[in-house]
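Knowing the structure of chain P, use the given hints to seat chain S on it.
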Amino acid sequence: MLSIKDLQVSVEGKTILNGLNLEVKAGEIHAIMGPNGSGKSTLAHVLSGKDGYDVDGGSATYKGMDLLDLAPEVRAREGMFLAFQYPIEIPGVNNTSFLKKALNEIRKHRGEDELDAIDFLALIKKQMELVEMKEDLLKRPVNQGFSGGEKKRNEILQMAVLNPELAILDETDSGLDIDALRIVAGGVNKLRSKDNAFVVITHYQRLLDYIIPDHVHVLSEGKIIKSGGKELAFELEERGYDWLLEHA
Amino acid sequence: MADIYPDIKTWLQEKSIDTHASDYVLSPERRTESLRAVAENNFPTRKDEEWRYTPIANVVNRSIQSGTDLSIDADDLQEIKQIVPEACHVVFVDGQYSAELSDDLAAVAKQGVDISPLSEMNASQGQLAEAMVTNANFSDTNIFQYMTLGLVNSGLFIHVEQNTEVEQPLHIIYVNGPTKSAVVQTPVNFIRLGTNSRFTCIQHFVNSDESKAITIPADFFDLAEGSGIQSYRIGVESDQTDHISNSYARIADSARFVSHQYLLGSRLTRSNTEVLFDGEGAEAVLRGIYLGDNDQHLDIRTYVDHAKPNCMSDQHFRGILGGKARGVFNGLVMVQKDAQHTNAEQSNKNLLLSREARVDTKPQLEIYADDVKCGHGATVGELDEDALFYLQSRGIGREEAAQMLIHAFAAEVTQDITIGSLQPYILEKLDKKLSEISGP
Chain P
1 MLSIKDLQVS VEGKTILNGL NLEVKAGEIH AIMGPNGSGK STLAHVLSGK DGYDVDGGSA
61 TYKGMDLLDL APEVRAREGM FLAFQYPIEI PGVNNTSFLK KALNEIRKHR GEDELDAIDF
121 LALIKKQMEL VEMKEDLLKR PVNQGFSGGE KKRNEILQMA VLNPELAILD ETDSGLDIDA
181 LRIVAGGVNK LRSKDNAFVV ITHYQRLLDY IIPDHVHVLS EGKIIKSGGK ELAFELEERG
241 YDWLLEHA
Chain S
1 MADIYPDIKT WLQEKSIDTH ASDYVLSPER RTESLRAVAE NNFPTRKDEE WRYTPIANVV
61 NRSIQSGTDL SIDADDLQEI KQIVPEACHV VFVDGQYSAE LSDDLAAVAK QGVDISPLSE
121 MNASQGQLAE AMVTNANFSD TNIFQYMTLG LVNSGLFIHV EQNTEVEQPL HIIYVNGPTK
181 SAVVQTPVNF IRLGTNSRFT CIQHFVNSDE SKAITIPADF FDLAEGSGIQ SYRIGVESDQ
241 TDHISNSYAR IADSARFVSH QYLLGSRLTR SNTEVLFDGE GAEAVLRGIY LGDNDQHLDI
301 RTYVDHAKPN CMSDQHFRGI LGGKARGVFN GLVMVQKDAQ HTNAEQSNKN LLLSREARVD
361 TKPQLEIYAD DVKCGHGATV GELDEDALFY LQSRGIGREE AAQMLIHAFA AEVTQDITIG
421 SLQPYILEKL DKKLSEISGP
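Chains as they are written, first to last, in our numbering: chain P, 1 to 248; chain S, 1 to 440.
Chain P extracted, bound-state conformation:
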């Protein structure tokens, strides 16, 4: 589904990703771990099409398409989803109408009929139970005045409604208490299927107690320096990152 080969990315002349390789297949959950400044968020941003990153070399192919050549909205319509580390507040844009608009853009792209207000509300109510979100948050402007946990739940709600093929979760666990973490992880686990894939970017191992990854990768200085199964995450929890960095 996603194939990243020798990806090199810089920001204002400073190299951040330095020859990154990653293969993600449908049905898999990949965890990308690493210390601060290793390039985790840059990877998430580049994959979702944020401005301000220069691709200096390598490639990223998504469902056979040159991903880096697609506009951010086209990536989303093709089934990619980024759960933001810091979800943006958008005053004046209603949470429900925003999400309805987003879903219908994606449906249009797929050649499906747009959902009307009634069908959409039924869908969103169902998915809200998944993330245990209060209904009044739907009536508010996008993320405005939401607590940290509510913002992250709103990301997972969006993910549940848009039903992506490839979801990238950028430090979704940061700033979450254990209850919120459980709910967010529960959402991911319920959405998981053989047809979709998740890339879970995290600094800490604790999210991986709830979302069990198939593959764990350690990112350091813009490269994956070690890959393994879920046991690698436990090892990192016990030993920290230093032993790996010394080897690298």
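Note that these hints are calculated values from the structure, not bench results.
As the structure is a computational prediction, the values presented were derived from the model and not from experiment.
Please note that the accuracy of each hint is not assured.
Here are the computed lysine-lysine pairs in the DSS-like style, where the Cα-Cα straight-line distance is at most 25 angstroms [as the list claims (entries may be wrong)]:
(1) 50/P <-> 101/P
(2) 373/S <-> 81/S
(3) 429/S <-> 101/P
(4) 433/S <-> 349/S
(5) 126/P <-> 223/P
(6) 101/P <-> 362/S
(7) 362/S <-> 349/S
(8) 349/S <-> 108/P
(9) 134/P <-> 101/P
(10) 373/S <-> 324/S
(11) 432/S <-> 101/P
(12) 324/S <-> 432/S
Chain S in isolation, oriented as in the chain P frame:
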């Protein structure tokens, strides 16, 4: 048959010589005095501090025509009326009251309103109108005001009787037909609210793309104790129309003046609103959006005079400027020495959609009392890139995402509109214009 004059000065000279002025509606002394002021004052230039950001050479040098054939498209007018279907509609064509196109004013009178076109005022109405002009103490006096007062030949006199809540809004529509040269229109409304009365009025300046006009209106509001008005001004005139307006409101004890301005049209707009608190416990709420594209120039001025204690004023204006458009916001809140416990808020936010768009904003506070709560602020910014990316990352195209953000920026002001059908109309107008606006 229309007479054509090369510029406004020549036209004014001709008008001043016309000693009959049989259509003039205020006192002969008012006319003499105002026209003398017109003759003695020059048109402001950029050297005048109050006009520093608003060049009016293009207004002064327009060719003017007097007399029009008063032809307008009946279907278009019907459409405009339908924007507020429940309202009583009063129509002015080229600044002249049209009984034929207007609803019967008797229906409004039945609801407890003494209402009359200025041309048909009786003696007591005329005296009240005259007094409202005399008592208005504009901080910004200029030649355009004198022109309006020296030439006024149309408008409405409205007096809402005490304890009367008028449910039906009054929709005043100003239209122009297609002309070769600019028509000068100087309508004036005198709106008086009796004790504890309520009134809603919409002034709608709307003309066709072929219309050429210089609109120089004035409004005088007088709110007695406990009364309240919702006053709307909607400017959607053609890009061959210049619009320079002055409003003056006097507010007595516990009265509430709410003004909404949606200025989307015209080549040049300058809107001056002045509010005097002449009683305690009163409120003034001023809302406005100005949206400019191409070479449009939109200049908003407010002056709120807290002359009495315990009053509240709340101003919120937002500008959206694309193309080479320019916006000016100049708001002054004056808190006099005796105006303790004043609560005054003033905010002006601007969104620039192109590199060549520009805004000059100057929110000002002058405070001479010591126990007050006042705040003011202005921002000028571009669209939030992070918000754009967030919307895009959910599948919404960049242009549409930009529209959503601008729409949201405007909608925070339009949510205060109290007339159900007016809000969608304004937002639709905004969206239509935004979709045509030239980006960076």
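Hint-by-hint comparison with the structure:
1. 50/P <-> 101/P: Cα-Cα ~20 angstroms, so holds.
2. 373/S <-> 81/S: With Cα atoms ~42 angstroms apart, residue 373/S and residue 81/S exceed 25 angstroms; violated.
3. 429/S <-> 101/P: holds (21 angstroms)
4. 433/S <-> 349/S: holds (19 angstroms)
5. 126/P <-> 223/P: violated (40 angstroms)
6. 101/P <-> 362/S: violated (38 angstroms)
7. 362/S <-> 349/S: holds (11 angstroms)
8. 349/S <-> 108/P: Distance ~35 angstroms between residue 349/S and residue 108/P Cα, so the pair is violated.
9. 134/P <-> 101/P: holds (21 angstroms)
10. 373/S <-> 324/S: Roughly 37 angstroms separates the two Cα atoms, so the pair is violated.
11. 432/S <-> 101/P: holds (19 angstroms)
12. 324/S <-> 432/S: Holds. Residue 324/S to residue 432/S sits at ~18 angstroms (cutoff 25 angstroms).
Hint violations for this structure: numbers 2, 5, 6, 8 and 10, all remaining hints satisfied.
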